[in-house]
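Protein chains in written order, with this note's numbering: chain V, -11 to 492; chain D, 46 to 375; chain C, -10 to 124.
One or more hints might be untrue.
[To be verified] Below, in silico cross-link-like pairs of lysine-lysine (DSS-like), each with a Cα-Cα straight-line distance of 27 Å or less:
#1 D:314 / C:19
#2 C:77 / D:142
#3 C:78 / D:142
#4 V:95 / C:43
#5 D:272 / C:77
#6 V:136 / V:126
#7 D:272 / C:70
#8 D:193 / C:73
#9 V:281 / V:291
#10 V:27 / V:136
#11 C:26 / D:272
#12 C:66 / D:272
#13 D:224 / D:193
#14 C:35 / V:126
#15 D:314 / C:70
#16 V:132 / C:43
#17 C:73 / D:142
#18 C:19 / D:272
#19 D:272 / C:78
#20 C:19 / V:132
Simulated from the structure, these hints should not be mistaken for laboratory data.
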Amino acid sequence: MSFRLKIISLILFVSLVPYIFTMLYSANTLRDEYYANAKDNLQTQLSLSIGKIDQYINNLHRDMVFMSHMDVMNDIYSHDIDRRISILLENKKKDLSLDGDFYLVDKNNKIIASSNKNISPMSELKIKYTPLYTVPIKSNFDGKEIAKLIVDFSLKNISHFFDNGDDKFYYITVNNKILFKTKSFINKIEVKQVLDTKKDIHIVLEKNQKAFIESLKRYEILFSLVLFIGAILITLIASFLLNKLIKPILDLSQLVHTITKTKDYSRAVFVKGSDEIAKLAKAFNTMLHGIDKALHENELLNKEIEETQREVVFTMGAIGESRSKETGNHVKRVAEYSKLLALFYGLSEEESEMIKQASPMHDIGKVAIPDAVLNKPGRFNEEERAIMDTHAQLGYEMLKHSQRPLLKAAAIVAYEHHEKYDGSGYPRGLAAEEIHIYGRITALADVFDALGSDRVYKKAWDDERIFSLFKEERGKHFDPLLIDIFFENINQFLAIRDKFQDVE
Amino acid sequence: MKYLVIFVMFFASYLFADKYELGHGYKINNALNMGAYFSLDYANGKSIDRLRLDDMAVLAYGNLPSNFSYLAELEAAPFYIKDYKNGTSQTNTTPHKERMYLNYSYSDMLNFRLGKFITPIGYWNLEPINVLRDTDSNPLYAQNMFPKFVTGIETYGYLDEDGRTQYHLFGQSTDDIDKNYINIQNDFFIGASVGYEISDEIDVGSAVGYYETYTKKDVSLVEANTKYDNYPFLLQTEWAYTSIQNNVLNSNAYQVGGYLQGMYNINPKNALVSRYEYFKDTQKNVMSENHIGIIGYSYRPFYAVSIKGEYQFNSDSYLNKAIISLSVLF
Amino acid sequence: MSVKILIFILVLNINSFASEYAVIMNTHVKVKNLSAKEIKNIFLMKKHFVNDIKLIPVNSAASLEIRARFEKNILHKNRRKLNKYWVKKHFQGIQPPVVQASMNAVKLFVKNVDGAIGYIPMKLLDSNVKVLYEF
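So that you can see chain V by itself, here it is in the shape it has in the complex (with noise of 0.2 Å):
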């Protein structure tokens, strides 16, 4: 996860998440508000309409105790024989518009007197609906109970009052049964309300909600959009002002992933400004700076060491030559020669140029041979030869404790360029591979360039002499593979013949 990501997630955690949290609870406290005042206006009805129900109600029981008390209850000793019970019953019925009747009856719950004409008297009271209430009737002569009058009360009478409409309906519960539910919305809010004259009656009232619950969606769209319109422009401005915070610092990563891929210490970063950023720019420029210095001085350092290394390398070189009878371009042209045949052979650059240094000092062991042997002019007698063939070893002991690689190289070709590919050469008469490569190409360059050359000893070989003695050579004296190479790349070698000339 970059930097940059997780500084957005960051910001849009701290401000996105607030914001949406806050939205969505104020839509839903909104929802809840809109949702109570939908409930609260349906319970204004329900109580108006309870309201109705328990004044009828509540009339009707007072209309009975207030028959119960009437003169005419007298008739009751006659057994309403002339109907007065009854006709006030059927009256007051009709005045009610009651569902249902009522009964007067003896102790014995014998009908007496009732406003349903179908009932024949002092017949047994048979309720239909519910017997809503019980009046007892008292004598008017001395007090005692009578009869009862007794309402049977069809809770049709309470639907009367049921205002129903296309999206809303009343019904009744009572001892959970449910009475007059005609039908049943999907979407819907109801309300409950018992009757305070009767407890065990419920009036439920059922409103549909669908024009509600499809606005209120219309609503959750808008502002699902608002809250959508909304995080997206939180998060744009995030990103402006993240893009703005932390561009120096992506530039400044850029710049060193830049310098350490191109190790150019030179470049510098530029932040305007004077906060946190800008100081870490400037101190990174700083440091840039210090590390290009140091870089640079080190660099001269190193050169200065390897010029020496090289000179002295040379120098050795050369004092080996003075001491023999080769003159002062032998060296160079044989390290030229050398550095090629290395390379062609396959070796590195920089072994190719170790042997190109190294190659000089093949003689550096002639400095321990005496004089008088070394200046002889003419040719040498067996003890004289033996002399001068020790140089190869005295060069090697000369070299041999030094642990630096060029030295190393030295000692190998100062041991062994006098080695034979046919074993037939010394101090020690290896033959082939098992002569150090540096070997065999010194001895190859240093033969090449001392028959081309004017010695003490000698006059200069021509080119042809030289060639055919190293066709001949091949696989004897030489590496077979050396002289292919030579052969092959012949004008190069001529090349730096010409070019480092002995000028007498």
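Given the coordinates of chain V, assemble chains D and C onto it according to the supplied hints.
Structure of chains D and C alone, referenced to chain V:
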């Protein structure tokens, strides 16, 4: 006014009642009967020019279990007076407790009454309201000689099997329940009266009494009355004598008063009435003796609705006046 | 013998012509016969007791023939006089007797209520009620 509203409310639900008869009250049940009455009169003479809505009253009564019964009556009177002579008018809506008592019947011979009730003396005092009278005015006898109401106890009943002889014994030793609402303020009153029905037409009675007024007068009373009622004639007369001991002035005085009234019914609804009354009171500085003659006419479309007119001839002609009235008992 | 029977029938006939109606009470109440004056006082609500029994007079409906006969023969008052009487009694807090609409209802009422006293035609008499007075 509340009681009027209640009355009207009950009257409105008359639908439930037995067939209502004007003047018989509105019977809700045996324990509650409601009634009301009012009277409107206009009097004109040298001394008076006045329109008056006199009584505005409601009453409720009924039988209670165990031979108890009760009656309560509230009245505002005079409810409204418009005096054309001095151009004033006056309204009085405060209800007063006119009657309020509880009865207990032990037997026909022995009944008890406790509370405020009409003093059971004579005929006139027992039917004091305009609608039950046959004249617009009350005789001086009925207003000045004894308190119209007793607040106390009464024992009454019939002394024989046939119910011809009736007696009343009553006593009061307190103030009136509504002491500002009585003709003679007193705090002690005892009395006895008897009535005897000689025949269906002839009735006689007599009473004695003693009372002490707020003005420190001890008054003793003797009264006698008789009535002849044989349609179309009605003749009745009542006379009383009081002996007054004035404890403030430490003097004695007396009153004599009475009337004789005759009525002739032309037909059941129309009647001619005539009355002579006499009243003498020796307490006045100038000895006061009044002779009053009245002729009047009564028209009752129903018995409970009375429309009357009369003219009074007074021995002091300044007091002569004409009165017309309308009164109804519901 | 036949003359006696004849006289008996004659007397019976005269009686039956003379007494069509009877004042009745139920058989639970021990009451001696009542006089016309007593019955009058009972129905005018002046008399309330007989032998310490509270009486409940029951009138029949005002429209019935029997009621008119009762008022004329027993109460000796016409409707106008009775009306005046009850208007005055209303002021005194006394109500007229309860009313039963039919003669059968009067009989049933009297049978069922101790102390009730009413009047019915003789032909409706049965063993549940006893006659106190005939008119």
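With a cut-off of 27 Å on the C-alpha distance, tell me whether residue 193 of chain D and residue 73 of chain C pass. holds (23 Å)
Would you check the hint for residue 19 of chain C and residue 272 of chain D, treating anything up to 27 Å between C-alpha atoms as holding? violated (38 Å)
Pairwise hint evaluation, residue 272 of chain D against residue 66 of chain C, where the allowed Cα distance is 27 Å at most: Holds, because 17 Å separates the two Cα atoms, which is no more than 27 Å.
For the pair supplied as a hint, residue 27 of chain V and residue 136 of chain V, confirm whether the alpha-carbon distance does not exceed 27 Å. The given pair, whose Cα atoms are some 43 Å apart, is violated under the 27 Å limit.
Would the pair residue 35 of chain C and residue 126 of chain V pass a check requiring their Cα atoms to be no farther apart than 27 Å? Holds: residue 35 of chain C and residue 126 of chain V sit about 25 Å apart, inside 27 Å.
Given the proposed pairing of residue 77 of chain C with residue 142 of chain D, does the C-alpha separation stay at or below 27 Å? Satisfied, since the Cα-Cα distance of roughly 20 Å is no more than 27 Å.
Are residue 272 of chain D and residue 78 of chain C close enough, with their CA atoms no more than 27 Å apart? At roughly 18 Å apart (the allowed maximum being 27 Å), residue 78 of chain C and residue 272 of chain D satisfy the hint.
Would the pair residue 314 of chain D and residue 19 of chain C pass a check requiring their Cα atoms to be no farther apart than 27 Å? Violated. Residue 314 of chain D to residue 19 of chain C sits at ~45 Å, over the 27 Å cutoff.
Satisfaction of hint between residue 70 of chain C and residue 314 of chain D, Cα-Cα up to 27 Å: Distance of about 12 Å is within 27 Å: holds.
Does the alpha-carbon distance linking residue 272 of chain D and residue 70 of chain C stay inside the 27 Å limit? Since the Cα atoms of residue 272 of chain D and residue 70 of chain C sit roughly 16 Å apart, the hinted pair holds (cutoff 27 Å).
For residue 19 of chain C and residue 132 of chain V, compute the direct alpha-carbon distance and say whether it is at most 27 Å. holds (22 Å)
Given the proposed pairing of residue 95 of chain V with residue 43 of chain C, does the C-alpha separation stay at or below 27 Å? holds (24 Å)
Violation of the numbered hints given earlier is confined to hints 1, 10 and 18; the remaining hints are satisfied by the structure.
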